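First to last, the sequence lines map onto chains A and B. Numbered continuously in this note's numbering, the first sequence closes out at residue 145. Numbered continuously in this note's numbering, the second sequence closes out at residue 290.
There may be inaccurate statements among the hints.
Heads up, simulated PhoX-like pairs for lysine-lysine below, C-alpha to C-alpha not over 25 Å straight-line [as the list claims (entries may be wrong)]: (1) A:10 - B:205; (2) B:244 - A:113; (3) B:199 - A:60; (4) B:203 - A:14; (5) A:54 - B:199; (6) B:159 - A:58; (7) A:58 - B:181; (8) A:141 - B:286; (9) B:199 - A:36; (10) A:99 - B:258; (11) A:113 - A:139; (12) A:60 - B:286; (13) A:99 - A:58; (14) A:58 - B:205; (15) A:99 - A:143; (16) A:58 - A:28.
Worth flagging that the hints you see were computed from the coordinates, not collected in a lab. The structure presented is a predicted model; accordingly, all values stated were derived computationally and were not measured.
There are 2 protein chains.
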Amino acid sequence: MRLALVKALKAQTKQEVPVGAIIIKDGKVVARAHNKRESTQIATAHAELLVIEKACAKLKSWRLEGCVLYVTLEPCAMCTGATILSRVDGIVYGASDPKGGCMGTVMDLTQIKAFNHQPWVISGILKEECGQLLTSFFKNKRKQG
Amino acid sequence: MRLALVKALKAQTKQEVPVGAIIIKDGKVVARAHNKRESTQIATAHAELLVIEKACAKLKSWRLEGCVLYVTLEPCAMCTGATILSRVDGIVYGASDPKGGCMGTVMDLTQIKAFNHQPWVISGILKEECGQLLTSFFKNKRKQG
């Protein structure tokens, strides 16, 4: 999670909402990414989606079995869907997202039996650090605005 | 929807699950895409996600206000999430997806008030043609397997 936080800090230096993600397999980092929505102007450029795409490219497979995704903020519907489609074993996230979190807060899409995969989820790891980064970012943005 | 079907047919010729999508703005086609999961080996390479990314790139904005997405199959959780994030006005889809459809079949993510956008949805347009394409594809695949 500390590595995901490093990526989130990098996003912040680029005026992006500070969310970072990494994917681990067999104890090694397979891919890392941070949110890039503003710099790319692509609506889907969330850290989790980018890190899943990088991991698929690196492992040359759309199936990410044996992989665990670490992300500083609870994934949204799109990113939760991507974890299900890519069959990651599980997800570890930091801060909860009351506005969009789909791994337990607004809803929990990881436990829908109709979908063909149900990854495990661990939440709240380094949640203060992960959340504080977002709170400070938006506070500064409001000041500037 | 006929243009989306043309893209779905193109996917089929490449041994991809035949799903096609287009985005329209002001009566003009902004982007078109088909499912590319097998050829790219990227779990997220669904027609809808690809067409949204193309439209953002073309319009140089992550906000796709004024745009309508046409897709041959009901979007999954990831793709429905992407329509919400990109703020498309609405979605027109063909066949329903009992295994993953998140615009009314397994669930309806477009009407969640916690999310910051609720696109409109029209379903069942050319559903026989859209569904038949998928049924034939999987029937042939089973024969080959």
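Evaluated hints:
1. Distance hint between residue 10 of chain A and residue 205 of chain B is fulfilled; the C-alpha atoms sit about 23 Å from each other, no more than 25 Å.
2. With a C-alpha separation of about 9 Å, the suggested pairing of residue 244 of chain B with residue 113 of chain A holds against the 25 Å cut-off.
3. Of the supplied pair hints, the one linking residue 199 of chain B and residue 60 of chain A holds, its CA atoms being roughly 23 Å apart against a limit of 25 Å.
4. For the hint linking residue 203 of chain B to residue 14 of chain A, the alpha-carbon distance of about 22 Å falls within 25 Å, and the restraint holds.
5. A C-alpha spacing of about 18 Å is found between residue 54 of chain A and residue 199 of chain B, which places the hinted pair at or below 25 Å, so the restraint holds.
6. A C-alpha spacing of about 22 Å is found between residue 159 of chain B and residue 58 of chain A, which places the hinted pair at or below 25 Å, so the restraint holds.
7. Distance check on the hinted pair: residue 58 of chain A and residue 181 of chain B sit about 17 Å apart at the alpha-carbon level, within 25 Å; holds.
8. Our distance criterion of 25 Å between C-alpha atoms is broken by residue 141 of chain A and residue 286 of chain B, whose separation comes to about 53 Å.
9. At roughly 16 Å between alpha-carbon atoms, residue 199 of chain B and residue 36 of chain A fall within 25 Å of each other, so this suggested pair holds.
10. Of the supplied pair hints, the one linking residue 99 of chain A and residue 258 of chain B holds, its CA atoms being roughly 9 Å apart against a limit of 25 Å.
11. Distance restraint check for residue 113 of chain A and residue 139 of chain A: the Cα-Cα separation of roughly 39 Å exceeds the 25 Å cut-off, and the hinted pair is therefore not satisfied.
12. Simply put, residue 60 of chain A and residue 286 of chain B have alpha-carbon atoms about 22 Å apart, close enough for the 25 Å limit, and the pair holds.
13. The hinted pair formed by residue 99 of chain A and residue 58 of chain A fails the criterion: a straight-line CA distance of about 32 Å is larger than 25 Å.
14. Straight-line distance between C-alpha atoms of residue 58 of chain A and residue 205 of chain B comes to about 28 Å, which puts the hinted pair past the 25 Å bound.
15. Note on residue 99 of chain A and residue 143 of chain A: the hinted pairing holds, with a Cα-Cα distance of about 22 Å set against a maximum of 25 Å.
16. With a CA separation close to 13 Å, the supplied pair residue 58 of chain A and residue 28 of chain A stays within the 25 Å bound.
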